[in-house]
Amino acid sequence: MSVVLGVDIGTYEAKGVLVDESGRIVARHQRPHRVTVPRPGYVEHDPEAVWWDGFVEITRALLAAHAPAAGAVAAVAVSGIGPCVLPLDSSGAPLRNAILYGVDVRAAAQIDQLTDAVGEQEILERAGTSLTSQSAGPKIAWIEQNEPEIFARTALFVTCQTFITGRLTGNWVIDQATAAYYHPFYDRRTADWNLDGCPGALTRKQLPEIGWSCDIAGLVTREAAETTGLPAGTPVLVGAPDAAAEALSAGVSGERDMMVMYGSSHFMIEVLDAPHTSRVLWPAPYLFRDTYLLAAGTATAGSFTRWFADLLSPDTGGDDALYTELAELAAASPPGARGLLALPYLSGERTPLYDPGARGALFGLSLRHDRGDVARAIAESIAHSAAAALRAFDVEGLSPKVVRAVGGGTRNLVWVQAVSDISGYPQDVVAGPGAALGDAMLAGMAAGLLDGPDDSRRWVAPARLIEPRREFAALYDRQRDLFEQLYRGTRPLVSALDELRNQS
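So the sequence shown is numbered by numbering that gives the first Met the number 0: it starts at 0 and just counts up by one.
Source of the hints: derived by calculation from the structure; they are not laboratory data. Here a beta-carbon is modelled for each residue, glycine too, at the ideal position from N, C-alpha and C. Any given hint might turn out to be false.
[Unchecked claim] Computed beta-carbon distance windows for the label pairs: (1) A48 x P313: 44 to 54 Å; (2) G447 x R188: 28 to 38 Å; (3) Y41 x Q502: 16 to 26 Å; (4) P39 x A190: 30 to 40 Å; (5) D450 x L492: 53 to 63 Å; (6) A273 x G91: 23 to 33 Å; (7) A63 x R337: 25 to 35 Å; (8) L271 x L499: 41 to 51 Å; (9) G70 x Y41: 41 to 51 Å.
Using the sequences plus the hints, can you model the full thing?
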């Protein structure tokens, strides 16, 4: 029996699954890893240790766990966080750590420079949105300006899944959905690169070819086969952004279907039947030809909980038992966290504030507060951030018809319930391995195990409905007012603290 392999590289862990022709997961494996934060606002991955070694370990573990799969892998698909920026030399070797997606906010000056040079209206027509920290183009410009020796040696800039598929096949291809976030270097009018009017020395040759997520990028080489255990000649797909693969895994494929991903950050994807233009939200192609998405993302979500867990027990390395304990403690604290309020902006904020300088806070602490109150305040602050991003879709007149919640964070029911209570949206919580299953679905389509995105829904796990609790609406409306006041009121103090830090 044929199987397909799906592997997802996330911010804090990598996951993989082997799935058979019926959609049954016959093996799964995950591997935790850490981000590197060399200075505030800079967030990176070691591409060898985190991306490639993670893929190899997961693949070998899966093949070992399900011996019949060793010669029966029909296709492979990989998804990854993104858009990331990784410069490679002419041999395909990384020249520095990979700069991560919108949580890395180092390129604020380059956003302004590129906007001025290309023109705000031209960028809007090319990208369908404005430049933000989610844009990869300014980060390439940052490398050119701040690390010119690395830029001069760069043969190719790639993202996470492109790095892995390139290592597997020797072909460096980026998917349309991720390429669209390399603005202002991508033009959605032609679905291709466009460097016209862009300052700097970047050339077309330094950007990978563009394909669709469901296309075949190439075949596993003999060298890659020896390293990974995959059979030489196995088809490898172009791959996808992790959030888009996660959306597919949840059955998000119809017009105005939305996925809310509960991970290190919140990410929302809404499927549309036509391209959309927005200065606040992020339009892009979806996974398949003639499909479109509109996305939003916060900068911090589960990473705030992880930060708190690491403070309490720094040697656990993200142990699931500790997160379960924190969720139980949060559940014992009442809505409102006994008057404790948090701001979740530990890495600035993306949608809708776009404030890379925003910072986190715990406000109202007293000696009567315990760990459960802090855990609930953190969950509620993350939920307020998510609700603000969801309201951006409402403002655009594109309120979702269905919201499906996915990701490891959905195990924390306090967090999920708070998002529904504060936003007013019911959520179908879909259990399962998430983006890795979405990757397997893409591989299944390429291998002929699935007839297309609609057919892939038969591999989707059953959902659990979470309804907003109307009895807490007034409390959370008032808390929202205080949340927004706390952000606005402390923002000047954050700037003053930044100045003080720079002087020390």
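Is it true that the C-beta distance of G70 to Y41 lies inside 41 to 51 Å, as the hint says? 44 Å, holds
Note whether the CB distance of Y41 and Q502 lies within 16 to 26 Å or breaks it. 20 Å, holds
Falls inside 25 to 35 Å, the C-beta gap from A63 to R337? Violated, at about 49 Å.
When you take the CB atoms of A48 and P313, is the distance between them in 44 to 54 Å? 20 Å, violated
P39 paired with A190, Cβ distance criterion 30 to 40 Å: 36 Å, holds
The hint says 23 to 33 Å between A273 and G91; measuring C-beta to C-beta, is that right? 38 Å, violated
Outcome of range test on Cβ distance (G447, R188; 28 to 38 Å): 33 Å, holds
Verify the CB-CB distance for D450 and L492 against the hinted window 53 to 63 Å. Once the Cβ atoms are compared, 57 Å apart, the range 53 to 63 Å for L492 and D450 holds.
L271 versus L499 beta-carbon gap, inside 41 to 51 Å or not: This hint holds: roughly 45 Å between Cβ atoms.
The structure fails hints 1, 6 and 7 (numbered hints given earlier, in ascending order).
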